[in-house]
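In my numbering, the protein residues as written are 1 to 271.
Incorrect hints may appear among the rest.
[What the hints assert, rightly or not] Below, simulated DSBU-like cross-link-like pairs (lysine-lysine); rule was C-alpha separation at most 35 Å, straight line: (1) K180 - K250; (2) K271 - K108; (3) K4 - K180; (4) K73 - K180; (5) K198 - K161.
[Said to hold, decoys possible] Distance ranges between label pairs, derived from CB positions: (6) Y211 - L82: 36 to 44 Å; (7) N79 - M195: 42 to 50 Å; (8) A251 - N146: 35 to 43 Å.
For the record, the hints were derived by calculation from the structure and aren't laboratory data.
C-beta: ideal position from N, C-alpha, C; glycine also.
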Amino acid sequence: MEFKVRDFVNIMENYAPVKLKENYDNVGLMVGNTENTITSILVALDCTEKVIYEAISLGCNLILTHHPLLFIKPKNITNETLQGRKIIKLIKNDISLYSAHTNLDSVKNGINDFACKLLGFQNFEIIEPANTTGYDNNSGVGRLINLDSELTLKDICLRVKNAFGNEIIRYSGDENKIIKRIAIINGSGEDYFNMCSKLGVDCIITGDTTYHYVSDITEDNIAVIDAEHFDTEWPALKAVAKEIEEILNKAGYEKKVYISGESKNPYKLFK
1 MEFKVRDFVN IMENYAPVKL KENYDNVGLM VGNTENTITS ILVALDCTEK
51 VIYEAISLGC NLILTHHPLL FIKPKNITNE TLQGRKIIKL IKNDISLYSA
101 HTNLDSVKNG INDFACKLLG FQNFEIIEPA NTTGYDNNSG VGRLINLDSE
151 LTLKDICLRV KNAFGNEIIR YSGDENKIIK RIAIINGSGE DYFNMCSKLG
201 VDCIITGDTT YHYVSDITED NIAVIDAEHF DTEWPALKAV AKEIEEILNK
251 AGYEKKVYIS GESKNPYKLF K
């Protein structure tokens with residue numbers, strides 16, 4: 001069955017509707033011809049130049065990323081900027097680019113849900129339900145977990161390290177602290193620290209935290225596990241990719257969905 005870019009856009013709209021995105025965000029088809037026939041798909045966290053070259057070498061003519069290349073509207077598109085070079089390279093090689101960002105974070109069976117499942121948590125609530133007509137409390141920002149049995153902060157750190165593949169876990173609080181309620185906010189979640197405090201959480205798992213936010217929330221007796229932006233999203237996105245491949249197969253679009261080998265954390269650890 002012929003599988004065009006517009007068909008993929010429709011499937012993604014059903015899976016992670018654009019209306020679930022945050023107001024500041026830009027999601028959907030970033031670059032491409034909706035009438036092009038898709039050969040295969042490459043999934044990556046970011047559309048880096050290495051990811052584009054990987055798509056070319058694999059023969060993929062559609063890249064699905066979590067982070068949007070066109071997050072901010074460009075003033076121009078030239079070879080003199082990194083963003084411009086990427087767009088030109090995509091167009092020259094007839095590669096379409098689709099990004100599902102905060103809508104994929106929020107939706108049921110999206111990034112946050114799979115992050116919870118990777119950590120072994122099957123039951124969870126939404127921290128801030130989506131204020132969108134037609135959606136129940138299964139979609140929204142962050143996930144809230146009430147533990148059936150008490151775990152220590154050290155137990156949670158080990159679980160995060162094993163699930164997300166972190167080399168090192170950065171955390172605040174007493175490692176022997178008993179944890180009963182956990183908040184998970186993939187990517188960057190410190191804007192929701194106050195809300196988490198009001199919800200009575202004992203521990204927040206997120207990334208991209210900064211000193212003063214963590215200092216204050218720790219003083220408020222809430223532990224923070226900073227598992228890094230990349231690691232709180234990439235393992236879950238790989239799980240989402242498998243889910244999307246199954247949806248395509250069930251719809252009769254038997255196209256290969258590749259997991260990028262070039263999607264890597266830009267940070268390195270000096271030991």
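- Hints broken by the structure, by number, lowest first? 1, 2, 3, 4, 6
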